[in-house]
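Visitor: Protein chains in written order, with our numbering: chain A, 8 to 202; chain B, 4 to 171.
Think of the hints as simulated: they come from the structure by calculation, not from any bench. Do not rely on the hints blindly, as some may be mistaken.
Derived pair list, reagent style BS3-like, types lysine-lysine, alpha-carbon separation capped at 25 Å [claimed, not checked]: (1) B:Lys58 / A:Lys54; (2) A:Lys91 / B:Lys94; (3) A:Lys91 / B:Lys53; (4) B:Lys116 / A:Lys49; (5) A:Lys108 / B:Lys83; (6) B:Lys55 / A:Lys54; (7) A:Lys200 / B:Lys83; (8) A:Lys54 / A:Lys80.
Derived DEER-like restraints, expressed as beta-carbon distance ranges [what the hints assert, rightly or not]: (9) B:Gln27 / A:Gln134: 36 to 44 Å; (10) A:Asp48 / B:Gly79: 56 to 64 Å; (11) A:Met8 / B:Arg115: 33 to 41 Å; (12) A:Gln134 / B:Tyr141: 28 to 36 Å; (13) B:Ser98 / A:Leu180: 52 to 60 Å; (14) A:Glu30 / B:Glu133: 19 to 27 Å; (15) B:Ser98 / A:Phe182: 31 to 39 Å; (16) A:Glu93 / B:Phe150: 36 to 44 Å; (17) B:Ser98 / A:Tyr58: 53 to 61 Å.
All values reported here derive from a predicted model rather than from experimental measurement. Where is the CB? At the ideal position from N, CA and C, for every residue including glycine.
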Amino acid sequence: MFIKTQLILLALISVVLSQTDDEESFLFVTKQTVNRFIVQDKDLTVKYGLYNSGPTTIFNVNLNDVLSYPSEKYEILVGTLTPKWERINAGANLTHVVVLKPKQSGISNSSHAIVTYQKSEKNTEVQKTYSSEIGDVYIMTAREYDRRFSSHVIDWVLFTAMASPCIVFPFFLWFKSKSKYESLLSKDKQTKKAQ
Amino acid sequence: MLRLVLAILAVLAFAQGESCESPQFQVASYSTRDGRLAAESAAELEITVKCKSGKQPSTLYADINGQTVPCAQSIGSPGKYFVSIAVVSHKQLTSGRTTVRLYDDDSYSAMRKARTDEAVRAVKPFGTVELNHPGVSYGPWLPSEFFAVTIFGAVWWAAYRERSRILA
């Protein structure tokens with residue numbers, strides 16, 4: 008009887024101790040772009056959201072997204088593709104923004120960012136997680152974007168320059184003959200008055 | 004006695020070397036300018052901190068619009084700290100100058116201990132930087148087609164009036 012209660016007590020303690028694994032934190036990372044269109048040589052803003060869902064603080068968080076945006080294809084305007092934070096408190100929601108400039112047009116794939124962190128300050132065991140991905144995107148050329156969105160002032164000025172000979176030349180002919188006719192008319196009136 | 008004095012001086016020197024004295028900030032900032040290219044607004048401050056003692060603060064916290072967030076640091080460039088703001092609509096990112104207060108570890112813990120709003124504001128920050136957001140543009144007020152139509156319409160109308168006068 009005594010041994011039975013001891014065994015039950017031991018079983019309960021072991022179950023309770025193993026439950027502490029669920030008390031660890033987990034970091035969720037989302038990766039999105041705020042652009043409606045991705046245009047060559049124009050800003051591409053990528054937003055990383057980090058959320059610490061668990062009850063404890065996590066340490067030494069490193070985000071690495073260099074593989075998605077190689078430097079031959081993208082230029083970094085502001086921000087860094089390898090940010091790090093010393094600690095993220097429990098329940099904290101952080102945002103990191105990187106602004107890139109695509110150098111080439113066409114279809115491009117941007118994959119997951121790799122995030123590593125430590126669950127406790129002393130335990131240096133590193134936990135690795137991946138962010139969400141944006142996937143395949145179409146980078147349009149600057150010309151396509153301008154066709155839809157630029158102010159077209161230069162186009163209209165050129166159009167006016169090309170259309171003006173069609174309008175000005177006949178007008179000039181008519182004006183010349185009209186002024187000649189009117190001057191003849193006024194000369195006639197003058198001679199009639201003199202008579 | 005001399006050893007005690009030396010020890011105290013050494014401790015003071017060491018303590019002074021730990022914190023950053025009179026920091027200087029260099030800021031490169033970015034904010035969303037084109038309202039048709041981006042659906043949401045975002046802003047970023049890249050702050051380079053130079054300390055007289057040469058030692059960089061280990062963490063910096065930024066207070067943006069009442070929210071205090073830790074700054075990101077870059078692995079490649081040690082003296083740089085990044086502050087990011089991302090909002091859902093273009094209107095939420097206020098245009099003009101916004102002051103961002105920076106706190107290092109000491110001032111951050113002092114701020115956390117403060118209980119009232121006034122005490123929070125009384126905590127001396129590590130430094131302040133400014134974010135200048137010129138605003139978001141949605142394109143020209145009047146499209147160029149409007150001007151083209153009005154000018155060519157006026158030319159046509161003048162010619163039509165003259166023609167009716169001649170024929171009448």
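Visitor: Run the structure past the numbered hints and jot down the numbers of the failing ones, going up.
Guide: 1, 2, 4, 6, 7, 10, 11, 12, 14, 15, 16, 17
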